[in-house]
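Please model the entire structure based on the sequences and the hints provided.
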Amino acid sequence: MAKAAKIATAERSPIFAGREFSGEGAKIAVLAPSHRLALRAPEKSLAALSKALGVKLPVAPKSSVTKVSRSALWLGPDEWLVIDDGGKDPLEDCARVRVLHSAVGVSHRNVGISISGPRAAETLNAGCPQDLSLSAFPVGACSRTILGKVEIVLLRTAEDAFRVECWRSFSDYVLTFLTDAATDAA
Amino acid sequence: MLLIHCPYCEEERPELEFRNAGEAHIARSSSIAEESGEDFEKFFFIRSNPKGIIFERWRHVHGCARFFNAARDTVTDRFITTYKAGEPKPSLPKSASGPAAYANRPPDQLNVKRPRRKPVAKGEAK
Amino acid sequence: MTESFRIAGRGRLASRTARFSFDGTSYFGMAGDTLASALLANGVHLVGRSFKYHRPRGILSAGAEEPNALVSVERDAARRTPNVRATVQELYDGLTANSQNRWPSLAFDVGEVNDMASPLFSAGFYYKTFMWPKAAWKNLYEPFIRSAAGLGVAPHLPDPDHYASRYAHCEVLVLGGGAAGIAAALAAAETGVRVIICDEQAELGGAMRYEAGAAIDGEDGWAWSQASVAKLAAMDNVTVLSRTTAFGYYAQNFVGLAERVTEHLADPKGLPRERLWQVRAKRVILATGAIERHMVFADNDRPGVMLASAARTYLNHYGVAVGRNVGVYTANDSAYAAALDLKKAGVEIAAIVDLRDNPAGPLVDEARSLGIDIHHGRGVVGVGGKLRVTSMTIQPKAGGAARTIPVDALLVSSGWTPSVHLFSQSRGKVVFDDATKRFLPGNYAQDCVSVGGCNGSDSLAATLDQAWAAGAKAAREAGGKAGPAAAKPKADSGENFVGGMLGAGPGAHADSTVKAFVDFQNDVTAKDIRLAVREGMRSIEHVKRFTTNGMATDQGKTSNMHGLAIAAETLGKDIPEVGLTTFRAPYTPVTFGTIVNHGRGPLFDPTRRTATHGWAQKHGAVFEDVGQWKRAWYFPRTGEDMHAAVNRECRTVRETAGLFDASTLGKIEVVGPDAAKFMELLYTNPWEKLEPGRCRYGIMLREDGFIYDDGVVGRLAPDRFHVTTTTGGAARVMNHMEDYLQTEFPQLDVWLTSISEQWAVIAVQGPNSRKIVEPLVEGIDLSDEAMPHMSVREGTICGVPTRLFRMSFTGDRGFEVNVPADYGQAVWEALWAEGQKHGACAYGTEAMHVLRAEKGYIIVGQDTDGTVTPNDAGLDWAIGKKKTDFVGIRGLTRPDLVAQGRKQLVGLKTKDSKTVLEEGAQIVANPRQAIPMTMIGHVTSSYWSENCGHSIALALLAGGRERMGETLYVPMPDGPIEVEVCSPVFFDEKGGRLNG
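Taken in sequence, the protein lines are chains A, B and C.
For the first sequence, the numbering used here gives the first residue as 1, with consecutive numbering after it.
For the second sequence, the numbering used here gives the first residue as 1, with consecutive numbering after it.
For the third sequence, the numbering used here gives the first residue as 1, with consecutive numbering after it.
Please note that a few of the clues may not be correct.
[To be verified] For lysine-lysine, the following DSS-like pairs were computed, each having C-alpha atoms within a straight-line distance of at most 25 Å: (1) C:Lys573 - C:Lys437; (2) C:Lys689 - C:Lys837; (3) C:Lys573 - C:Lys282; (4) C:Lys282 - C:Lys269; (5) C:Lys488 - C:Lys677; (6) A:Lys44 - C:Lys618; (7) C:Lys473 - C:Lys429; (8) B:Lys42 - C:Lys883; (9) A:Lys56 - A:Lys27; (10) C:Lys837 - A:Lys6; (11) C:Lys437 - C:Lys397; (12) B:Lys51 - C:Lys429; (13) C:Lys855 - C:Lys914; (14) A:Lys6 - C:Lys771; (15) C:Lys618 - C:Lys837; (16) A:Lys44 - A:Lys27; (17) C:Lys429 - C:Lys573; (18) C:Lys488 - C:Lys282; (19) C:Lys771 - C:Lys677; (20) C:Lys397 - A:Lys27; (21) C:Lys282 - C:Lys437; (22) A:Lys149 - C:Lys630; (23) C:Lys689 - C:Lys883; (24) A:Lys44 - B:Lys84.
[Unchecked claim] Only some residues are given here: those of chain B computed to face chain C with a beta carbon under 8 Å: (25) Met1; (26) Glu35; (27) Phe40; (28) Val61; (29) Arg66; (30) Asp77.
[Claimed, not checked] According to the in silico footprint, chain A covers these stretches of chain C (three or more CB under 8 Å from chain A): (31) 748-754; (32) 772-778; (33) 941-954.
Derived by calculation from the structure, the hints in this document are not laboratory data.
All C-beta atoms, glycine included, are put in the ideal place defined by N, C-alpha and C.
This is the structure in structure tokens:
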């Protein structure tokens with residue numbers, strides 16, 4: 001057990017790091033690794049969890065709350081995806097919370113992909129059946145949904161920008177699909 | 001593609017996000033191990049398959065992931081209402097209910113004549 | 001060739017020429033032409049041969065309803081599109097088209113013999129003629145019919161084009177861009193709601209394309225249309241889609257549109273060829289117009305016979321005269337308008353033959369005043385010419401002296417059929433309007449409304465009123481704010497297209513033998529429909545199927561009403577009693593490319609790869625598909641075939657150790673104070689007493705008592721389980737668990753999270769596995785005392801977090817190293833480096849299968865098939881005997897599940913140890929019994945076992961555990977294979993190697 005010093009630390013190999021595509025109306029880019037937390041909790045636990053996470057967990061369907069580099073996405077009535085791009089693991093913030101909840105780290109499960117530009121919504125609508133107009137899906141709106149043949153989590157980060165989260169092994173499909181859709185310069 | 005109102009997401013969403021989960025309001029007995037054969041048969045095998053209003057379960061599997069219930073007209077595919085799991089079966093206006101399931105009517109009510117011909121035995125000329 | 005039929009100063013095409021070729025001859029046309037208008041400009045009417053009789057055919061229409069002018073358009077060998085309607089295909093410079101269904105040439109077609117032999121090919125001929133001998137159908141009749149009857153030939157190369165897709169949402173969707181659709185869209189758009197308007201033509205405008213006299217708001221109808229469309233297109237809330245066909249109307253106002261993006265371009269410039277639009281609209285406005293019908297008389301299919309409105313379109317829009325001496329045969333006013341336009345353009349009108357006894361009205365008066373001969377109360381009973389009409393023979397309706405008039409084109413019109421296709425697809429019910437003899441929209445099933453021609457509106461003024469009101473109402477109901485600000489468009493003049501007739505005309509009466517075509521595309525004549533009725537068909541659905549009337553790709557747009565009328569007359573019934581056939585999607589043919597759109601090649605189905613995929617590739621792995629996953633199958637070294645590689649991998653794992661990527665296993669984290677309670681309910685095993693840090697092999701049943709899934713479960717903490725599932729079962733097991741949690745056990749405080757992709761899983765198996773793992777691990781004592789078989793620990797490996805399982809799917813000492821997926825490759829490489837010190841290998845799924853089979857470990861889905869109980873699989877020990885509830889507990893006591901003689905899992909050894917059985921092969925007791933033999937079981941898994949030195953197999957065998965040592969047989973094509981029933985554990989029966 002005393003050989004710790006000799007062990008080389010494993011290098012992280014994020015999938016498709018740096019992959020990008022610039023279409024006429026939409027730019028697609030794989031985002032740098034984030035910390036992610038799959039959080040489940042009943043209503044009565046939300047205050048304590050919000051406090052620990054430093055971001056108020058939203059209770060309205062299809063909505064998210066972002067504070068600095070941390071976002072909490074409503075996925076279901078007792079389900080949130082917390083994404084931290086500031087290098088702080090929300091799983092650790094929940095570790096000392098005693099109220100009823102389930103916190104599971106999923107930082108490596110998902111890949112984040114940004115899609116931005118004037119045709120971002122149309123590009124997504126090549127495979128996403130939801131209404132992505134600003135009135136139906138405003139900035140900050142988020143939802144688990146479908147893109148082509150896979151499941152994604154979609155978050156609108158600006159009028160012309162979205163973040164797509166998908167499982168690691170589906171990221172190849174999602175990137176290929178979005179690239180294919182973005183070349184349809186309609 | 002149907003448009004389904006998810007009672008948890010509080011809006012209509014495309015059918016692609018959902019998965020049908022069979023007939024609703026079929027409760028599993030809390031003492032299922034002791035259940036009689038007849039009761040277990042009813043619970044596990046027998047479904048109403050109506051022509052008209054069916055109460056059925058759906059899961060918003062690619063959305064909020066919740067199971068919920070719906071009343072749907074199997075003739076028009078029109079959803080009458082959707083409601084959360086655990087909520088009581090809503091009472092619907094008479095006009096919304098259709099004819100009973102063909103398969104579930106007793107045989108004397110079925111509008112078919114039994115074939116008079118004997119089944120052809122193996123080897124017999126057709 | 002020169003365009004001798006193009007009239008200078010007529011039409012709306014810019015004077016830009018485009019060159020094209022048809023059947024090898026080069027022609028000039030103009031930009032904006034369709035292939036049909038360009039051919040007609042060159043005097044070409046003969047463009048194809050008919051489906052059954054190979055009769056010469058021309059151009060009937062100027063639109064999507066075209067049944068005759070089907071050609072192949074060939075861009076290159078891979079881009080050869082058969083059955084393109086020449087009336088829809090827009091001309092581009094360099095277009096190459098060829099006629100179809102003819103040999104050796106269009107003018108001289110050997111297949112024409114079918115026309116002479118037509119008594120053989122009467123309606124339903126294939127039901128009657130080719131009855132016997134049975135074998136001849138497949139080998140003789142069908143190949144012959146397929147080659148003789150025909151449409152174009154599809155290319156053999158893969159489609160090189162790409163296609164796009166778009167989901168769209170709007171408040172008001174307008175289907176059809178004629179005057180009605182434009183007016184409705186204008187009214188709706190003014191309110192600010194999102195409007196989509198689509199039309200199948202290159203430019204919106206509909207009937208304004210040919211209706212020369214129409215004027216709206218003081219402008220010519222066509223000019224008004226173009227100005228209005230430009231206004232719509234400029235609005236942010238409006239999407240104008242031309243060249244876009246609404247082909248399907250589905251539930252809840254979901255409408256499929258096919259947009260042809262590049263079919264009209266010489267150079268597609270990388271654009272998608274077509275785009276599928278799936279539109280969800282709050283309100284739909286159907287403005288689909290009406291389609292003109294032909295007249296049913298002898299030889300009415302001769303090239304040169306065409307719809308009156310088509311001739312008018314070719315003249316007024318394309319500037320093309322369809323002939324120099326044109327006859328007209330009609331039963332209503334609209335054909336008069338065509339005659340007048342042609343006459344004014346300098347074309348000779350030989351005569352107008354009008355079935356009506358006393359035609360009257362301004363159009364008739366104008367025709368008379370221009371000196372056109374009108375023969376009223378008469379019909380055309382025949383035409384001269386074969387490759388092109390040369391004359392028409394007319395006769396009084398009641399019979400009498402016939403007279404032949406030379407013509408080089410014959411315009412026909414028997415009236416207009418409202419296009420209720422999409423309305424009918426929306427499940428609306430049509431009703432028959434007896435006064436006007438047409439089906440019109442009746443009860444609506446969805447939030448839509450019909451306006452204009454498709455609603456039976458005959459005047460332009462009424463159409464505009466109706467459309468404007470409908471557009472405003474739809475927008476208001478869908479949430480539009482202000483009322484329409486702009487003024488309603490007003491028709492200053494327009495034509496009324498009322499009246500007409502249905503069914504066969506004079507000379508094509510009941511006992512005549514002439515070929516008076518009802519359905520041109522499927523070669524169905526009036527006689528065929530009468531024959532169908534005579535042979536007992538009573539419903540129009542039967543008549544349709546017997547004759548194939550309306551069943552061609554044009555879906556009977558011009559023929560359905562005539563067919564129905566003839567059937568009704570023959571039956572002596574009213575039309576509504578005979579009924580109307582159902583309209584189904586698609587309205588016009590849609591390419592597979594459009595339907596599939598992005599979902600081709602790598603996007604056909606997701607390909608999932610694990611974190612070590614790149615390493616495996618570099619090390620020569622051969623991959624196999626497991627569901628959507630690519631998994632390393634085996635790692636052949638130079639010179640090794642699969643057999644040799646798998647044998648080596650199996651040997652190496654048992655001799656020293658092997659590394660295996662098990663990342664694809666499903667993984668679910670079960671968290672909450674009631675986690676153990678939940679596990680007790682979902683698995684057969686007991687969980688409450690499993691200590692944190694220990695693992696257990698769990699079995700999950702369905703409520704019917706059959707095995708659903710299995711996997712090793714580790715308890716990380718009192719309230720936290722790490723559950724593994726089979727690779728294929730990952731998604732459905734999660735769904736199954738959520739189902740019970742949410743709907744049957746919602747009182748439990750527990751949650752499920754899929755962590756399948758959070759963790760990369762590296763199995764290190766074999767006697768030296770600990771020596772390989774240990775040097776890289778911190779914070780975990782790997783000794784047998786501290787970490788016995790079936791335990792789990794959390795710590796770090798290579799400095800990153802790990803959930804380290806001590807478990808085995810090989811029967812040897814083993815570990816499964818879970819690390820966050822992004823570290824999977826690096827940790828694998830570190831373990832690989834350690835493994836090299838001990839002679840370890842990487843092994844793939846094939847060796848994994850062999851090794852587990854040597855131990856008799858089942859694979860759910862391979863050794864079970866949804867009808868196997870734990871007892872059948874020899875896993876009774878995994879059922880908590882004291883438990884009072886778990887999913888499947890009741891099912892397990894069903895009489896059939898506890899009956900004697902059930903199939904049970906056993907091992908099989910072949911008498912000849914080298915023979916490897918075939919998986920799926922059946923087992924019999926006596927190989928000499930008569931066929932069909934009584935089968936008593938089947939082989940589920942079978943391999944060569946290098947470690948055992950003989951073949952091994954697992955099987956499900958009736959009463960198997962009572963048959964140990966028995967000799968049974970596996971019948972194969974080259975003789976039965978003798979096998980001995982044995983224990984399913986072939987290797988290390990005592991299990992000592994788990995700690996070896």
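Here's how the hints hold up against the structure:
For the suggested pair Lys573 (chain C) and Lys437 (chain C), the alpha carbons sit about 14 Å apart, so the restraint of at most 25 Å is met. Under the criterion of a C-alpha separation no larger than 25 Å, the hint pairing Lys689 (chain C) with Lys837 (chain C) is inconsistent with the structure, at around 40 Å. Between Lys573 (chain C) and Lys282 (chain C) the alpha-carbon distance is near 41 Å, which puts this suggested pair outside the 25 Å criterion. Taken as a hint, the Lys282 (chain C) and Lys269 (chain C) pair is broken in the structure, with Cα atoms around 35 Å apart against an allowance of 25 Å.
Only pairs whose Cα atoms come within 25 Å are accepted, and Lys488 (chain C) paired with Lys677 (chain C) is rejected, the gap being roughly 70 Å. A distance of roughly 52 Å separates the Cα atoms of Lys44 (chain A) and Lys618 (chain C); the hinted pair therefore is violated under the 25 Å criterion. As the CA atoms of Lys473 (chain C) and Lys429 (chain C) are separated by approximately 22 Å, the hinted pair is consistent with the 25 Å bound. At most 25 Å may separate the alpha-carbon atoms for a hinted pair to count; Lys42 (chain B) and Lys883 (chain C) meet this at roughly 24 Å.
For a cut-off of 25 Å, the pair hint linking Lys56 (chain A) to Lys27 (chain A) is broken: about 31 Å separates their Cα positions. This hinted pair checks out: Lys837 (chain C) and Lys6 (chain A) have alpha carbons roughly 16 Å apart, not beyond 25 Å. As the CA atoms of Lys437 (chain C) and Lys397 (chain C) are separated by approximately 20 Å, the hinted pair is consistent with the 25 Å bound. Under the criterion of a C-alpha separation no larger than 25 Å, the hint pairing Lys51 (chain B) with Lys429 (chain C) is consistent with the structure, at around 20 Å.
A hinted pair counts as satisfied when its Cα atoms are at most 25 Å apart, and Lys855 (chain C) with Lys914 (chain C) qualifies at roughly 19 Å. Note on Lys6 (chain A) and Lys771 (chain C): the hinted pairing holds, with a Cα-Cα distance of about 16 Å set against a maximum of 25 Å. With a C-alpha separation of about 20 Å, the suggested pair Lys618 (chain C) and Lys837 (chain C) falls inside the 25 Å cut-off, and the hint holds. Of the supplied pair hints, the one linking Lys44 (chain A) and Lys27 (chain A) is violated, its CA atoms being roughly 41 Å apart against a limit of 25 Å.
Using a Cα cut-off of 25 Å, the hinted pair Lys429 (chain C) and Lys573 (chain C) holds, with the two alpha carbons roughly 21 Å apart. Straight-line distance between C-alpha atoms of Lys488 (chain C) and Lys282 (chain C) comes to about 23 Å, which keeps the hinted pair within the 25 Å bound. With a CA separation close to 37 Å, the supplied pair Lys771 (chain C) and Lys677 (chain C) exceeds the 25 Å bound. A distance of roughly 71 Å separates the Cα atoms of Lys397 (chain C) and Lys27 (chain A); the hinted pair therefore is violated under the 25 Å criterion.
Between Lys282 (chain C) and Lys437 (chain C) the CA atoms are separated by roughly 32 Å; this puts the pair beyond 25 Å, and the hint is violated. Only pairs whose Cα atoms come within 25 Å are accepted, and Lys149 (chain A) paired with Lys630 (chain C) is accepted, the gap being roughly 17 Å. Simply put, Lys689 (chain C) and Lys883 (chain C) have alpha-carbon atoms about 13 Å apart, close enough for the 25 Å limit, and the pair holds. Of the pairs offered as hints, the one joining Lys44 (chain A) and Lys84 (chain B) holds, with about 20 Å between alpha carbons and a cut-off of 25 Å not exceeded.
A distance limit of 8 Å between C-beta atoms decides the matter here; for Met1 (chain B) the minimum to chain C is near 5 Å, and the interface restraint holds. For Glu35 (chain B), the shortest C-beta to C-beta distance to chain C is roughly 6 Å, which falls under 8 Å, so the interface hint holds. Given the 8 Å rule on beta carbons, the hint for Phe40 (chain B) holds: about 5 Å separates it from the nearest Cβ of chain C. For Val61 (chain B), the interface hint holds, the least distance from its beta-carbon to any beta-carbon of chain C being 7 Å, beneath 8 Å.
A distance limit of 8 Å between C-beta atoms decides the matter here; for Arg66 (chain B) the minimum to chain C is near 7 Å, and the interface restraint holds. Given the 8 Å rule on beta carbons, the hint for Asp77 (chain B) holds: about 5 Å separates it from the nearest Cβ of chain C. Requiring three or more residues with a Cβ within less than 8 Å of a Cβ of chain A, the coverage given for the stretch 748-754 of chain C holds, as 5 such residues are present. Three residues within the 8 Å Cβ limit are the bar, and the stretch 772-778 of chain C against chain A gives 3, so the coverage statement holds.
Here the stretch 941-954 of chain C counts 0 residues with a CB under 8 Å from a CB of chain A, which misses the bar of 3, and the coverage is violated.
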